[in-house]
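Student: Once you have looked at the hints, place chain S on chain A.
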Amino acid sequence: MTNYPHATLQEYGYKDYRILQKIYKVLSVVAVILIVLMLYISIIVLAIQSVNSSVSVTNFDSFTLKWYAEMFSVRSLATAIKNTVITSIVATLLATILGTLIAVGIYSYAKKTRQKIMLLNNIPLLNADIVTGVSLMLVFSLLLPIFPYIFGPTTLIMAHLFFTLPYVILSVLPKLKETDPNLMDAALDLGVKPYKALLKVIVPAIMAGIFSGMLLAFTMSVDDFVISYFTTGNGFDNLSIWVYGSIGRRSLTPSVYAFSTLLTLMTLAIMILYQFLMKRGKKHA
Amino acid sequence: MHNFKRILLLIILVVTPFLLAGCGAQNKLLVLNWGEYINEDVVALFEEAYNVEVSISIADSNELFYSKLKSGTTAYDLIVPSDYMIEKMMVKGLLQEIDFSKLSNYDPVGNPFLQGLQGIQATMLEGTENYHIPYFWGTFGLMYNKLKPGLEEALETYQWQAYFDPAYRPADTRTGMYDVAQFAYATAMIYNNLDPNEFSEDNLDLAYDTLIDAGFITWADDQLKKSIAADNLDLAFVWTGDFLDMFYVALSEGEAYDSVSYNIFIPDTTLAFMDAFVIPHNARHVDLAHEFINWFLDPEMAYMNASAIGYATPLQNTYDMIVDYVGDDQWLNDWARAYMEYYADTPDFRGIPLANLEQDIVSSLTLMVNNVKTNS
Numbered sequence: 001m002t003n004y005p006h007a008t009l010q011e012y013g014y015k016d017y018r019i020l021q022k023i024y025k026v027l028s029v030v031a032v033i034l035i036v037l038m039l040y041i042s043i044i045v046l047a048i049q050s051v052n053s054s055v056s057v058t059n060f061d062s063f064t065l066k067w068y069a070e071m072f073s074v075r076s077l078a079t080a081i082k083n084t085v086i087t088s089i090v091a092t093l094l095a096t097i098l099g100t101l102i103a104v105g106i107y108s109y110a111k112k113t114r115q116k117i118m119l120l121n122n123i124p125l126l127n128a129d130i131v132t133g134v135s136l137m138l139v140f141s142l143l144l145p146i147f148p149y150i151f152g153p154t155t156l157i158m159a160h161l162f163f164t165l166p167y168v169i170l171s172v173l174p175k176l177k178e179t180d181p182n183l184m185d186a187a188l189d190l191g192v193k194p195y196k197a198l199l200k201v202i203v204p205a206i207m208a209g210i211f212s213g214m215l216l217a218f219t220m221s222v223d224d225f226v227i228s229y230f231t232t233g234n235g236f237d238n239l240s241i242w243v244y245g246s247i248g249r250r251s252l253t254p255s256v257y258a259f260s261t262l263l264t265l266m267t268l269a270i271m272i273l274y275q276f277l278m279k280r281g282k283k284h285a
Numbered sequence: 001m002h003n004f005k006r007i008l009l010l011i012i013l014v015v016t017p018f019l020l021a022g023c024g025a026q027n028k029l030l031v032l033n034w035g036e037y038i039n040e041d042v043v044a045l046f047e048e049a050y051n052v053e054v055s056i057s058i059a060d061s062n063e064l065f066y067s068k069l070k071s072g073t074t075a076y077d078l079i080v081p082s083d084y085m086i087e088k089m090m091v092k093g094l095l096q097e098i099d100f101s102k103l104s105n106y107d108p109v110g111n112p113f114l115q116g117l118q119g120i121q122a123t124m125l126e127g128t129e130n131y132h133i134p135y136f137w138g139t140f141g142l143m144y145n146k147l148k149p150g151l152e153e154a155l156e157t158y159q160w161q162a163y164f165d166p167a168y169r170p171a172d173t174r175t176g177m178y179d180v181a182q183f184a185y186a187t188a189m190i191y192n193n194l195d196p197n198e199f200s201e202d203n204l205d206l207a208y209d210t211l212i213d214a215g216f217i218t219w220a221d222d223q224l225k226k227s228i229a230a231d232n233l234d235l236a237f238v239w240t241g242d243f244l245d246m247f248y249v250a251l252s253e254g255e256a257y258d259s260v261s262y263n264i265f266i267p268d269t270t271l272a273f274m275d276a277f278v279i280p281h282n283a284r285h286v287d288l289a290h291e292f293i294n295w296f297l298d299p300e301m302a303y304m305n306a307s308a309i310g311y312a313t314p315l316q317n318t319y320d321m322i323v324d325y326v327g328d329d330q331w332l333n334d335w336a337r338a339y340m341e342y343y344a345d346t347p348d349f350r351g352i353p354l355a356n357l358e359q360d361i362v363s364s365l366t367l368m369v370n371n372v373k374t375n376s
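Heads up: the sequence lines are chains A and S, in that order. Position 199, counted from 1, in the first sequence is what the working numbering calls 199; the numbers after and before it change by one each time, with no gaps. Position 285, counted from 1, in the second sequence is what the working numbering calls 285; the numbers after and before it change by one each time, with no gaps.
Chain A with its partners taken away, still in its complex shape (with noise of 0.2 Å):
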């Protein structure tokens, strides 16, 4: 029997990418790293200017919180500041009673009309917000006769309203799915009436999509700019539309760097508290 030389590994195909793998393995972090920093530098750098005690953007002077208290002593960003949180708590809060009711009525509709219904929901979502700004602007100048004072708060959360709206509806829609069809008439059956029915059975059902569409509503609303330019007037002015003056021909109080750094560590924490509430509303249902 004579000794054949055994065949290698190799010799059969296989080619060792354990070192390349490695390598990959590397690089995709790095790439990953890359990809987000390039994604989130601008907001790093807004943190960063809203502690430097330096008006200029050129230099880090010193750590300071001094714009943070700043904040509220400029009036004019005072009022915007004001201005934005009225309107969107207001916006918001509205947007969510009624998109729960609305999604609640179109939910009973058979799927045919609900489907309908369904893409008139969706328009607003997807229509360019200089067309919903400018339609929404023409339609409340149609009320200008009757009340000249019209532009303002009301516009403007009316205008809010306009487009939170579906994004609550969306979001209690397919909570209203994972229900079971016979709640209702089950709550029926033992005898409460049937507002009652909604308020008990229905809405404590639904509640973590209620949430997150509110917290949905909130986010969209808190930041808008275009919608907001053009449907607001007689002074009442919201932080985007501020900001989006003042950059004219003096450069930008600090204070709004600190005011933006603080947006978006809200709406981060806005956004872990929507898939905190997804996650448990899976669990339960």
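Each statement offered as a hint is correct.
Which residues of chain A face chain S? A partial, calculated answer using Cβ under 10 Å:
| hint | residue |
| --- | --- |
| 1 | SER76 |
| 2 | MET137 |
| 3 | PRO148 |
| 4 | THR155 |
| 5 | THR231 |
| 6 | GLY233 |
| 7 | GLY235 |
| 8 | ILE241 |
| 9 | VAL243 |
Hints in this document: simulated from the structure, not taken from any laboratory. Here the structure is a predicted model, which means the values were calculated and not measured. Beta carbons are placed, not taken as given, at the ideal position from N, Cα and C, and that holds for glycine.
Tutor: Using the frame of chain A, we list chain S on its own:
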């Protein structure tokens, strides 16, 4: 019956917010101004004195002033556009005349407008003086880097030539131009001793050649002054007020007046602008608007207002208060010096405001400047 009540409730619910919104805004003076262009303390004093609310919205360009006035969603009581826009608004009938009898502080003899400002006003259309009261004015200048040896002397000797002709300035001077086509064209015309507001095909070619020969290494806006401060650029065309804002910040951060690494040179003939109060034709609080204008014609209030803004006050008395300061306050001394150096009140200074150009001329200027940028 039941349904009727429901419908009534619905109607009330829908209508109330409108009525509420209507009530809130009625005793408010609506002002449209440039961003950070007013001392809010002065406004607060006005509010206290007249027991009203002043709401200030901001716009970032003259064109925005025009479109906001035209769109009609808000009836502003007072707006602050610049020279050429005032002419345009007046011609289109968007303004109402100022009632000078309501302005008790208006005193063209005892407290006239500054000479430089009067020079700007003199170039404007006849009749505009009945429609506006100057608010601030300012010039454009050539900001330069003091770290570049020989540049200061070159500018003082050759003025615009040092900016446009590399032969008249130290070698390797890094120059930059404001990235607005009309500014580039107008300055090139001043350099060639032509009217900066007149447009012709020949002038366009001349401007093209001038701008190519000037050898600008950068075209930017806000960045220009920052680049000079950071020693990345030596010479650029900027707003004087913009320079002063930055200069004042440097002073307030503890730098000594003469040790700041940049300065500005104002040529004898340069571009200038004036922002003025005008009252739109559809204003609802005309009397209050006059009171507001009057408030800023008070030399004391104008002084307070000017202390927060880098541009030049229109009033002779306020100017005197600023430059005649005698005392130990470092900031007030620096301020007086800056005013005398950069807003010199001399008759030989010539500030030319920009004209309002037709859209097709603006397009051809922009095209010309883009060609300069790609070919140089």
